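**Student:** Put together the whole structure using the sequences plus the hints.
Number of protein chains: 2
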Amino acid sequence: MFYELSVVQATKMLHNLTAILAKGALFAESKKIEMSVLLNARLAPDQFPLLRQVQIACDTAKLGAARLTGKVDSAPKHADDEHTLAEIQHRIAETITYLASFSASDFNDAATQRISQPRWEGKYLTGDEFLMQHVLPNLYFHITTAYAILRHNGVDVGKKDYLGAMPYKV
Amino acid sequence: MFYELSVVQATKMLHNLTAILAKGALFAESKKIEMSVLLNARLAPDQFPLLRQVQIACDTAKLGAARLTGKVDSAPKHADDEHTLAEIQHRIAETITYLASFSASDFNDAATQRISQPRWEGKYLTGDEFLMQHVLPNLYFHITTAYAILRHNGVDVGKKDYLGAMPYKV
Numbered sequence: 010m011f012y013e014l015s016v017v018q019a020t021k022m023l024h025n026l027t028a029i030l031a032k033g034a035l036f037a038e039s040k041k042i043e044m045s046v047l048l049n050a051r052l053a054p055d056q057f058p059l060l061r062q063v064q065i066a067c068d069t070a071k072l073g074a075a076r077l078t079g080k081v082d083s084a085p086k087h088a089d090d091e092h093t094l095a096e097i098q099h100r101i102a103e104t105i106t107y108l109a110s111f112s113a114s115d116f117n118d119a120a121t122q123r124i125s126q127p128r129w130e131g132k133y134l135t136g137d138e139f140l141m142q143h144v145l146p147n148l149y150f151h152i153t154t155a156y157a158i159l160r161h162n163g164v165d166v167g168k169k170d171y172l173g174a175m176p177y178k179v
Numbered sequence: 010m011f012y013e014l015s016v017v018q019a020t021k022m023l024h025n026l027t028a029i030l031a032k033g034a035l036f037a038e039s040k041k042i043e044m045s046v047l048l049n050a051r052l053a054p055d056q057f058p059l060l061r062q063v064q065i066a067c068d069t070a071k072l073g074a075a076r077l078t079g080k081v082d083s084a085p086k087h088a089d090d091e092h093t094l095a096e097i098q099h100r101i102a103e104t105i106t107y108l109a110s111f112s113a114s115d116f117n118d119a120a121t122q123r124i125s126q127p128r129w130e131g132k133y134l135t136g137d138e139f140l141m142q143h144v145l146p147n148l149y150f151h152i153t154t155a156y157a158i159l160r161h162n163g164v165d166v167g168k169k170d171y172l173g174a175m176p177y178k179v
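Residue numbers (this note's numbering), protein chains in the order written: chain Z, 10 to 179; chain W, 10 to 179.
What the hints contain is simulated information worked out from the structure, not anything from laboratory work.
Don't take each hint at face value.
When chains are identical, the list treats them as one kind, so a pair holds in a single copy or across two.
What the hints assert, rightly or not - Computed list of lysine-lysine pairs in PhoX-like fashion (alpha-carbon distance at most 25 Å, straight line): (1) K40 to K132; (2) K168 to K21; (3) K132 to K168; (4) K80 to K132; (5) K178 to K132; (6) K40 to K86; (7) K21 to K32; (8) K32 to K80; (9) K21 to K132; (10) K80 to K178; (11) K169 to K132; (12) K178 to K41; (13) K80 to K40; (14) K40 to K169; (15) K40 to K178; (16) K168 to K178.
It should be emphasised that the depicted structure is a prediction, and the values quoted were computed from it without experimental measurement.
**Tutor:** Encoded structure:
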């Protein structure tokens, strides 16, 4: 289920995020405000603004898959220098393209990998723990917060935009 | 991984939610405001307030596990009649107790279950789809939104409160 959660479902959520941001752009246009107002909007003075929420969502997905498969060194680098909607949408698109480079078999040993990152100062989580307690909660946190910032500012987004299409069967 | 995600990790997140709400209560006390102000706070006029976000988070966890294991009929009923912090914390505690009644083997057939709910009008998702595309995104959505409402109102919560303790190893 590693591949399905950290690649397939993460890709779906990034597409949903793209669509949510596009709704934000339509709203800004209709209100004759600069998109940068929304991209710099925050829910609290000491919480990251929308643009940074999107950057972190992308990094969570990119580094989640990269670390679970032992491919951090070859993951694309991002300087976090986006400022415009076009730039941040491009960042999402690049992340989606990167996720598409994985196959299910890349994750065969993911569950038992020892996974660390610089800020953990040498400590590690198993791949199981990393996926379930770090990657997924963080990915959904930052996408939900991006959604919340737009909704709080009046953008007409709803739960269906966040969840995306469901593969209902009859 | 069904049990670990929909029971173990969901339980952890509900404990985190309990602690986040407790921080909200301390904040209300320090500011000499009624907790009901926070429980009825919203990020947007047409989005559910904090209390309802918590109710839905609980239902998502409860019904997620219940539906994946074919035990909806025996799941505890909740009338959504909570109004106070004590009542909503009790709802979370009851949900945690219910999740504790499951064992990993209850989920042996979860992946291929056909899962539906009343509003889907007879359509269904497989258990795999239901967990990954419905339960997890919704659970994290409502817990993140509860957190965001409190943070937006000035409560001193941070990402560590949302994620909870990590089982770092050296």
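**Student:** To test your reading of the hints: which numbers does this structure violate?
**Tutor:** The structure conflicts with hints 1, 6, 8, 12, 13 and 15, although it agrees with all the remaining ones.
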